[in-house]
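The primary structure of each chain is shown beneath.
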Amino acid sequence: MTTTMMSCQGLSKAFVMHTRGGTRIQAFHDVSFGLSEGEFVGVSGPSGAGKSSLLKCLYRTYLPTAGSVWYTDGAAETRDLASAPEQAILRLRRQEIGYISQFFPVIPRVSALDTISNSMVLRGFPREVSIQRARDLLERLAIPRPLWDLSPSTFSGGEKQRINIIHAVIARPRLLLLDEPTASLDAASAQEAVSLIRELKKQGTAMIGIFHDRSLLMSLSDQVLAMEAA
Amino acid sequence: MDDRVLVSVRGLEKRYGPGCGSCRELTGPDRGTNVCPQCGTVVAMAGVSFDVREGEILGVVGESGSGKSTLVQCIYFDQEATRGEIRFRGQNNDDDILGLPRSEKRKLRGRLMGMVYQNPLRGLRMDITSGANVAEKLLEADLFHYGRIRARAAELLARTEIPPAYIDRLPRSLSGGMQQRIQIAKALANNPPLILLDEVTSGLDVSVQARVLDLIRELQRELAVSMIVVSHDMGVIRLLADRTLVMKDGCVVEQGLTDQVLEDPQHSYTQLLVQSAL
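If you read the protein sequences in the order shown, they are chains A and B.
Residue 31 in this note's numbering sits at position 26 of the first sequence; the count goes up by one each step and never skips.
Residue 602 in this note's numbering sits at position 271 of the second sequence; the count goes up by one each step and never skips.
Rather than coming from a laboratory, the hints here were simulated on the basis of the structure.
Ideal placement from N, C-alpha and C gives every residue a C-beta, glycine not left out.
A portion of the hints provided could be inaccurate.
[Claimed, not checked] So, partial list: chain A residues that the calculated Cβ filter (under 8 Å) puts toward chain B:
#1 Leu68
#2 Thr70
#3 Gln92
#4 Leu221
[What the hints assert, rightly or not] Covered stretches of chain A, as calculated for chain B (at least 3 residues, CB under 8 Å):
#5 31-38
#6 163-176
#7 179-193
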């Protein structure tokens, strides 16, 4: 029997815009779900329903307004990500939680190969192993060789997105948050990216994902979390 | 102290002026000033508390006059804090070091801290060579052997990508970017666990700025030193810092993960700051 890795309870997010006279914008309200090892929760809903905001709250890029996100880490320690100390969040991000955002924050002047292998080195893998795996993945997602030593900041949207995906999956995270990872990819690389995601899932990575492609979302999901405009 | 905490700062305060009973109450972000209307005292910094962990980069942002430079200068003992405590793990039995005698503090500083100032004129002596500037810092940590000092200086200058020939040149004759590199070499001289960087790229043009930032990132990764990076530039903070403090009118108004502070700022001032960034 698989045990629950994450339990999200009554999570809400509202933004208070102090520079707009304290206007309050509700991103989403009272979201709850549970997630086990190797399980995929698909998040569906119209634009503006708060899907991306939910993922950002789970990653703590946004500070949740209410509710809790109980997460049991690889060392079997359970804590609430909504209120955990920053150091704990930083450690989890480095070691076990991956996030594929819609826009990849690349560091300028660092090569694609270094960018992605570093994320594996940071998790304690030897440099040679990391670089080898980075090469394999660059090959697999069809990034042209001449680009490997260039900074992704010079890449096309689709190429950047593939680097983003490799960066997140390379160290096989325990939990992966996916925000439209295939949106800007052509059919062939989208298919390859999806097969990478399926492999990872099979190996036990738990995932929460947003896909605008409804049939893809349904085929990946073990449960669907339907969100509505707040 | 938590065993991963390197430096712990509590209730740090710096005043210029006589001070009165109402200074704290009448200054700060809610009052929109750091000048006490009763006695004219400038409360440059008040009630600042935070920890820096091993190998962590802590960012400090805020506008001019928010107290961010005062903060690092008080930690570096360039200025004497009016009040507060600083603990450095493993030093003085983990007890406050601000109260130690001046000579004692100078010694601690030589071993434990390096500083890079915005203005190289502050961090370097322009009338002695680059090598001698680095040597000065080595002397602070009781390295007196000429050959070894010179070898270490050469090694540090190489590490900060300064051409070897520059070791015998005066910083005055070098570019701003090179001067900042010499300051960085000097700050690293004794392998200190903590480096303080105060607006180090503010006076440089963009391409030079980028290379100095790259150097700082590389060195930090390689040496796993802790850093406090002060900047008014959100780009610098985003690039370097894991966690960030936001200061206004001498006080910390917000602190959190850097991406959270930038993408979901909680305090009205931080929201304004983030919106104003280019």
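> Of the hints given before, which are not true for this structure?
Replying inline: Of the numbered hints, 2, 4, 5, 6 and 7 do not hold.
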